[in-house]
Amino acid sequence: MAAYEAGTMSQADPKPRLRLALWLPLILFAALFALFVHGLTNPADTNVASAFVGNPLPQFDLPPAAADRPGLATRAFQTGKPKLLNVFASWCVPCAAEAPQLAALAQAGVEVDGVAIHDQRADLTRFLAANGNPYAAIGRDDQRAVQLAIGSSGVPETYVIDGRGVIRYQHIGDIRPEDVPKLLARVKDAGKGAGS
Amino acid sequence: MIAEVGLALLWLAAALAALQLVVGALALRPEGRALAGLVRPVAVMQGLLVMGAFAALVMLFVTTDLSVKLVVDNSHSAKPLIFKIAGTWGNHEGSMLLWVTIMAVAGAFVALIERRLDEATLTATLAGQAFISLGFYVFLLIASNPFARLAQPADEGQGLNPLLQDIGLAFHPPTLYVGYVGLSIAFSFAIGALVTRNVGPAFARAMRPWVLGAWIFLTLGITAGSYWAYYTLGWGGWWFWDPVENASLMPWLAATALLHSVSVLQSRDALRAWTVMLGVVAFSMSMVGTFLVRSGILTSVHAFAVDPQRGAFILALLAIDIGGALALFTLRAGTVTEGKRFGLVSREAALVFNNVMLSGILGIVLIGTLYPLLTEAYGVKVSVGAPYFNPAAGMFAFPMFVVMAVGPLLRWRQDRLSGARSGRRLWPLAVCLALVLAVLVGVELTAHGIALLPALGLSVAPGLLLASLLPLRGRNLRRTPLPVWGMVVAHAGIAVALFGMASESAFSVERLAALSIGEAREVGPWRVSLDGMMPVAGPNWTALEANVTTRYAGGTPVQLHPRAETFTNPPGTRNESALETRWNGQLYVVLGEQAEDGRWQMRFWWKPFVPLIWLGGALVGLGGALALLGRVMSDIRRLVAKDKIAWRRMRQGR
Amino acid sequence: MTTPSTTLLKPKHQRLVLVLFALAALIGAGLLAAFALSRQASYFYIPSDIAAHPPEPGRAVRLGGMVQKGTLKTMPDGVTIHFIVTDGKARVPVRFSGITPDLFVEGSGVVAEGRMEDGTFVADNLLAKHDEKYVPREMKNMTESDAKQVVAQTQ
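Residue numbers (this note's numbering), protein chains in the order written: chain Z, 1 to 196; chain D, 197 to 850; chain P, 851 to 1005.
Don't read these hints as lab results, they were simulated from the structure. Even glycine gets a Cβ: it sits at the ideal position worked out from N, Cα and C. Fair warning: there could be bad hints in the mix.
As the list claims (entries may be wrong) - Straight-line distance between alpha carbons at most 30 Å, and here's what the computed DSBU-like set of lysine-lysine pairs gives:
no.	chain 1	residue 1	chain 2	residue 2
1	Z	K81	Z	K188
2	Z	K192	Z	K81
3	P	K939	Z	K192
4	Z	K81	Z	K182
5	P	K939	P	K923
6	Z	K81	P	K939
7	D	K275	D	K265
8	P	K919	P	K939
9	Z	K192	Z	K182
10	P	K939	Z	K188
11	P	K939	Z	K182
To be verified - Label pairs and their computed distance ranges (CB to CB):
no.	chain 1	residue 1	chain 2	residue 2	range
12	D	A350	P	L881	51 to 59 Å
13	P	G880	D	V754	49 to 57 Å
14	P	V955	D	M729	18 to 26 Å
15	D	V732	Z	A30	51 to 59 Å
16	D	E640	P	E906	28 to 36 Å
The whole structure should be built from the sequences, with the hints applied where relevant.
Below is the structure:
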């Protein structure tokens, strides 16, 4: 609307008041831009933790999902050593995308256990053959029971579990290469917390 | 091979865009005049090259070349051909390539056919267009190369979500794109005119068909998108004030204002800087909309290809293009000389009023859309919906409708509302006003509990419809120019759509019930009964299909078949609603789940006159098309006449 | 306005009138938006927020949390359901009439749009986290990866 003043301003007699109004669109745009930059650089999902962080894992004992890996039970997380719990499925595309990052984490010495959601053994075998198998154990969760019990509603998600079976951190979505150091740091913190 | 050719063409087109910018900028200086002749051919060549690149990508999708990453990610060899083609732009990279293609082709068109604008402004316009395109070329070539190959060809593509294999969804986005990008031409014209300080009727005449074309596509795109949301989401609503919907509405509002102010500039040489400003704002809104959708900073029903990094890139383009244009405006607008004056009662004044009202609605929508983002910066989460948008926008819309009814009957420059001759023109308006009041009283007396906004809409719409036909009064309908027909049809379309919206919100009847087989219910004037359930199977889904018999006011029964579909891979469900359309409304049936006691949850809506919303939208688009056709035909006639004169001269000379 | 042609304003006055009109509309739109937003924007709550600072009755808000196991009950009319939404700390009873979204089950996450009435949250609309048609931005703060999943499924 500030343009109006401009439109009706004559060359001969530009009032200073109207001159100022000419800047209005640019100022408004600058404010808009600042808002966008802020929105883009501070995605809302970084600061609030899940309600399940700090809670112990529920009791479960899942049968093995793959032929060459054992199943998964709660007591596997009470060994004193922090681990990663990865919720995934062979039908999930981002799960394939995060496989190299999981492999990198396993390579760095972190034990990664998996919960396969709603999966068939044949599909899973193909998935692991294609994308690598970083898992020490894979539990089979056909009813999504464990998944819901730990507050995960989608695949993939990755939890940091300390050595006493308590959820320390929840990573939502696929692990991107830039997330790997962050997750390693979380695992290290969880190790300290459980040891003390 | 095709992928490499496509990529090479894209690089060449980008290089030509850079050349077009540099040559154009040099040609504007006195010492560079000699270069001016180069700009047009370069623009045409750039258009041809990028068309070649886009054709290459379409070829890759049609032949399902599984060594190309984009094809693997978004297509499947077993997909129907039409969805293979649509898959070309159903993803981020492809849609960005479509964007620059439309932009460059439109630029080539301007270079080919625009002859009446002075050469300097045209050169500056094409340079501006090249500048915007260049940003998108950089984005494509650096951050989202559509032709990238995989190290190893895949065995099969990932396919496309069945929910997205919908013919409406396949062609809805490109329609909006043509609209968005058409506004980029208007933007470039505004830049060109600011650079040469030559804002006048010739500039308006050159800009108007582009604004009109973009506006037609935006209108049709929004209308189709609304209908798509209505029948696929199964929520019974036709507009959710979702960020993506708002992202398409805001450019439309700005383009509507621009369309009207450009016609003032063309015929009356007034509103110069205002028109230029709107040209900048309209394209800014397209860019802001694209940014909001692609960056994912606002959540939406249509969140596809969300990626903050791409968002950052688009934001940078936005800052450079729009920030630059506004800075230019700030520096130059003060030196754009004032246009012709006009009286307080005149067609110009009416158009100014409606321009300001449209800008007001634009402001309301923009603030409402961004408000959640603003509060989130302070850690508070909110969502903004119809309770805000409807009344706030209505405060500006209804005064606009009143002026819209009167404006086309006023004279240019100066009119008077008293005296014998005005009386003859004004009594039909009094009839319209009486109609409005009569309907308002009727609605208030007969139907209780109707909210203020729908009641106002119901009563204003018939009067507005009648008033929008008034410009035809006393004219020979055969001789009436097409642009006048266009205005009449478009204004009538607004009235028709308004009636549909008001009726939908005032009179909709909703019934929610758990029905056993054989049970019946009343839904407004309808009687519906659930006759049976049948399992059916599709190519990649199985479904339960209800057999529902519906009867309007005891008439002939009609069978409807709403479905609850289950997809296997990836797992998911979808409720396919069933619609029965009559002249006076639509019945909408959704099948839900089976309750534990064996009954079926069903949801019915009877929505009187709801199809008028989309019929009105289509009429508005048709009006725009008529106006554009009139313009094109008069251009052709002028060219033919010119040729004839030249031919006669030639013969006489012989 | 009644005398012709002489009523054309002087350039200076015309400019002033237009400027004032446009500014008035601009400021009007801004104020209207601010006023309406302060009343109409619907805030997002989790159950502990509702327990600590309940919203005024009748005000439109959104409630997000988990559907507590064993609390989902269907009323005799077959379409009204009652359940309890929890965030692990507080519990809010919810009532809803309508067709529940896909994958709305006990233990799943949900965002309900509606209002508090006598200690019960009356929902007009439920958005299950798995409903691929809608992923509320707020859910990303809780336990949510559906945006990614939707993107994955569209590929």
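A quick look at each hint next to the structure:
For the proposed pair K81/Z and K188/Z, the alpha carbon gap of about 10 Å is at most 30 Å, so the pair holds. For the given pair, K192/Z sits about 10 Å from K81/Z by alpha-carbon distance, which is consistent with the 30 Å threshold. With a C-alpha separation of about 27 Å, the suggested pair K939/P and K192/Z falls inside the 30 Å cut-off, and the hint holds. Of the supplied pair hints, the one linking K81/Z and K182/Z holds, its CA atoms being roughly 18 Å apart against a limit of 30 Å.
Under the criterion of a C-alpha separation no larger than 30 Å, the hint pairing K939/P with K923/P is consistent with the structure, at around 22 Å. At roughly 29 Å between alpha-carbon atoms, K81/Z and K939/P fall within 30 Å of each other, so this suggested pair holds. Pair hint K275/D plus K265/D holds up; C-alpha atoms about 17 Å apart against a cutoff of 30 Å. This hinted pair checks out: K919/P and K939/P have alpha carbons roughly 15 Å apart, not beyond 30 Å.
A hinted pair counts as satisfied when its Cα atoms are at most 30 Å apart, and K192/Z with K182/Z qualifies at roughly 16 Å. Distance check on the hinted pair: K939/P and K188/Z sit about 28 Å apart at the alpha-carbon level, within 30 Å; holds. Between the alpha carbons of K939/P and K182/Z the distance comes to roughly 28 Å, so the proposed pair stays at or under 30 Å and holds. A hinted range of 51 to 59 Å for the beta carbons of A350/D and L881/P is consistent with their spacing of about 57 Å.
Judged by the Cβ atoms, the range 49 to 57 Å given for G880/P and V754/D holds: they are separated by roughly 50 Å. Hint check: V955/P to M729/D, Cβ distance near 22 Å, so the stated range 18 to 26 Å holds. Against the hinted window of 51 to 59 Å, the Cβ-Cβ separation of V732/D and A30/Z comes to about 57 Å, which satisfies the hint. A hinted range of 28 to 36 Å for the beta carbons of E640/D and E906/P is consistent with their spacing of about 30 Å.
Going through the hint list in order, the structure satisfies each hint without exception.
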